[in-house]
Each structure stands twice: as C-alpha cells, then as structure tokens.
Amino acid sequence: MLYKFFSLLDRIIPAREVFAHCDIPCGIYTPEPAQTAARTVAKMVEKLQNADSSDAHGISRFTAVKEEHAQICKEQILILWTDYFKPEHLEMFPNLHETFWKAAKLCSKAKQEVSMDTARELQKAVDEITEIFQKAEAAKKK
Amino acid sequence: MEPWAREGDFVLAERMSYLFSRPRIGHLVVVRHPQKHDMLLLKRIVQEYEGMYWIEGDNTPKSIDSRRFGLLKRGLVLGKVIHKTGPCGRSIMS
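Protein chains in written order, with the working numbering: chain E, -14 to 127; chain Y, 1332 to 1425.
Derived by calculation from the structure, the hints in this document are not laboratory data.
Treat the numbers as computed from the prediction; the structure is a model and nothing was measured.
It cannot be assumed that every hint is accurate.
Claimed, not checked - Sample of chain E residues facing chain Y (criterion: CB under 10 Å; computed from the structure): (1) SER(-8); (2) LEU(-6); (3) ILE13; (4) THR15; (5) TRP66.
Said to hold, decoys possible - With the C-beta cut set under 7 Å, the calculated list includes, among others, these residues of chain E facing chain Y: (6) LEU(-13); (7) TYR(-12); (8) PHE(-9); (9) ARG1; (10) VAL3; (11) PHE4; (12) ALA5; (13) PRO18.
Unchecked claim - Okay, the calculated beta carbon distance ranges per label pair: (14) ARG1405/Y / ASP40/E: 23 to 31 Å; (15) ASP40/E / ARG1337/Y: 47 to 55 Å; (16) GLU113/E / LYS1367/Y: 24 to 32 Å; (17) THR1391/Y / SER45/E: 22 to 30 Å.
The beta-carbon is built from N, C-alpha and C at its ideal position, and this holds for glycine as well.
Chain Y with its partners taken away, still in its complex shape (with noise of 0.2 Å):
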C-alpha cells in the first residue's frame, strides 16, 4: 500500500460503519485473506460486483490481492480504515 502506509505503520479501522451501510468502491479496508484466515490484509475496494468485492494493493506489483484470489465475500470485509498514523507525524485521515 506504499505509499499510504509504510511498514511499521499504525492503521485505525472501524467496523460499525459496515453495520449500517456497504463497503464501496475506493474504500480502504481490512480484510481476511480468503485463504488464510489468521491473515489480515490492507487494501483498496477497486470493484463491487453483485455483493462480492475487488481490492487491490496501490503498489499493484508486489500487492497479493484479487488478481490472485479473486472476489471477496461481503463477509471477508471486517472494516473501514479511518486513520493512520507513522513516525515523524505522516498522520492521514481517511
């Protein structure tokens, strides 16, 4: 996700938004690696297609994303990055 997010890197994420609305497109998100569940990953919601949902990595050619697993399950999407925050004070809100 270089280069919104460095290694070592605090990211805040919240799930009560998705209680109460959908992901959608251009989200950042943490999700479950589809086929690792002890795995979490940061990424972008590129596409939404009939309730399944494709993210990418922005630095694409080292991201491991949709392009490998394919579409996400509504359920794979825990929640919605609002904040991050590294040293020497590269804090974002999302």
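Isolated chain E, as found in the complex (with noise of 0.2 Å):
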C-alpha cells in the first residue's frame, strides 16, 4: 500500500535517487586520503613522543590513531595501486611497482614503530606516490 503510495508519488515529484552500493567502481581517485593519512601518523608519532608517560589514556589514543592511519594509508595505497595505475603506466613509471611497494610496507612499519624517521619516510613516499599520480592524470589530459 505504502509502495503504491510513494511510486505515485514519485511519478509527480520524483525522488532523489540513493546508491547503497556501487557495483561498477566510481572511477574517482586522488592520493589525498593517504597523503591525509601519513600526516596524521606523523602528527600521532609526535605526540607519543611528547606525551606523559604518566598518561596512560593519552597514549593508548595517540597509538590507536597512528596504527588506524597508518592501516588507512596502506588501504589507499593499495587502491591507487591497483585500481587506478594500469600496465601502461609502467612504461612511464619503470619504478612504479618498486615506490609503491616500498611505501605500503613503510605503513606497516610506522605501525610497528613511534618513530619520526620513519613517519617522514612515509610521508615523503606518499607525496612521491602524489608526484606520480599528478604526472599519470596530466598524461590523460593530453
């Protein structure tokens, strides 16, 4: 009855339509997310380093936040990886398989560590990663 009563109803002003899943990828990608992603970790790391060691609560936050950042930085990645980048790209990017490995396991070790070093290396592989991925969306425009 209700059913009846909103497709009448959407034949006179239709309704706006809602995708609960997408079936076919949506086809946008930016590496901002991992960019965002690797700053956080970064700004975690910092934190840990400057925290209390008193303050148990504080640090067990910082560290939650850095291994979900950095577990969201690898899951971008991965995505840029393997769903944007094709085998053409590699004819532009010999190292593309090389940088993008490299800065999935940095992910993992910034999870393991509270280390500056290390948080620095993943940002500037990520921001190597955006060089990429600019220089490949500039290709297309051509």
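Quick one: dock chain against chain with the hints and give me the complex.
Below you can see the structure in the form of structure tokens.
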C-alpha cells in the first residue's frame, strides 16, 4: 500500500536516487586520503614522543589513531596501485611497483614503531606517489 | 545495503533530527559522496571520531564507503533514514 503511494508520488515529484553500493567502480581516485593519513601518523608520533609517560589513556589513544591511520594510508595506497594504475603506466614510471611496495611496507613499519624518521619517510613516499599520480593525470588530459 | 534495502525500494529520510541532535553510531543515513557531490549514498554510521563519521554499507564486500574515502564531515550526513518500503509489503521502520 505504502509502496504504491510512494510510486505514485515518485511520478509526480521524482525522488532523489540514493546508492546503497557501487557495482561499478566509481572511477574517482585521489592520493589525498593517503596524504592526510600519513600526516596524521606523523602527528600521532609527535604526540606520543611528547606524551607524559604516566598518561596511559593519552598514549593508548594516540597509538590507536596512529595504527588506524597507518592502515588507512596502506589501503588508500593499495587502491591507487591496484585500481588506478594500469600496465601501460609502467612504461611512463618504471619504478612504479617499487615505489608502491616501499610505501606499503612503510605503513606497516609506522605501525610497529614510534619513529619520526619512519613517519617522515612515509610522508615522502606518499608524496612520491602523489607526484606520479599527478603526472599520470596530466598525461591523460593530453 | 542488502538485505535491509534492495534496488527499487523507497527510502524515506528526514533532516530535522540532525538539527537538534548529532548522528549516532548505528543510524542509517543518507550521505553525500565526498568526492562526487551529486551522488547520494545510503549507509550506516559505524564509528564517530571527533565529529567525523565512519560509514559502511551492510553489504560490505560490495560497498563503497569510508573504507574507500575515509571519514566524513558532519555536513555530508544529510538525513536520518526513518522508513523503507519495497514491493510485496516489505516495509520497515528505522
């Protein structure tokens, strides 16, 4: 009954369509989430290094956020690597696999350690990926 | 969002609740895709983190959600789903 009412209403005033899932990839790729996640990891390392050793709650929160964002960074890197980049990009960027593999490994290292050097290395690796991505996007427009 | 909602179902969402209270974990919500603003998504709030929202679809293997685009700003959560109806009387109040 209600379904019929909504169907009728939809004919008069069409309802906005909402998507519950995407069966087809939406084709939107950006390195920004990985960059933000890598920055967050560095920020959490900084907070952990400056934390009061008696502040167990603060330390556990900063650690949890560092873990979470290192994982987000890894997932975002893997999405770009496996979904965005195609075999033809290897001609343009011969070090593509090496760059992504290194960045993904650094995400794991950032989880294991509380090291600003590792956090900075991760940010640098994500910046390299961003540069490659931007070059690939620019080549697409030519 | 299967089995909760299927293709072709009508979903009723309202904006009023979120004028007076914030979205909470477990709420079914209509959100704006953060990278494709004309696209609306039906998802569930799984986690809230300092005013940002982590949303996921119930049908996780097929869902494009926060696992793909990260936390959502409060402004992208448009409304709370309050009712769903499908053919054959499959009506559910949220």
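Each hint, compared with the structure:
1. SER(-8): holds (8 Å)
2. LEU(-6): It holds, given that the least Cβ distance between LEU(-6)/E and chain Y is near 9 Å, below 10 Å.
3. ILE13: holds (4 Å)
4. THR15: This interface hint holds because 7 Å falls under the 10 Å limit.
5. TRP66: Because about 14 Å separates TRP66/E from the closest Cβ in chain Y, which is outside the 10 Å limit, the hint is violated.
6. LEU(-13): It holds, given that the least Cβ distance between LEU(-13)/E and chain Y is near 5 Å, below 7 Å.
7. TYR(-12): holds (5 Å)
8. PHE(-9): holds (4 Å)
9. ARG1: Status holds, d = 6 Å.
10. VAL3: Result: holds, 4 Å to nearest chain Y Cβ.
11. PHE4: It holds, given that the least Cβ distance between PHE4/E and chain Y is near 5 Å, below 7 Å.
12. ALA5: Cβ of ALA5/E sits 4 Å from chain Y, so the hint holds.
13. PRO18: holds (5 Å)
14. ARG1405/Y / ASP40/E: 23 to 31 Å: Holds: the Cβ-Cβ distance is about 28 Å, inside 23 to 31 Å.
15. ASP40/E / ARG1337/Y: 47 to 55 Å: holds (49 Å)
16. GLU113/E / LYS1367/Y: 24 to 32 Å: holds (27 Å)
17. THR1391/Y / SER45/E: 22 to 30 Å: Since THR1391/Y and SER45/E have Cβ atoms about 27 Å apart, the given range 22 to 30 Å holds.
Hint 5 alone, counting from the list given before, is not met by this structure.
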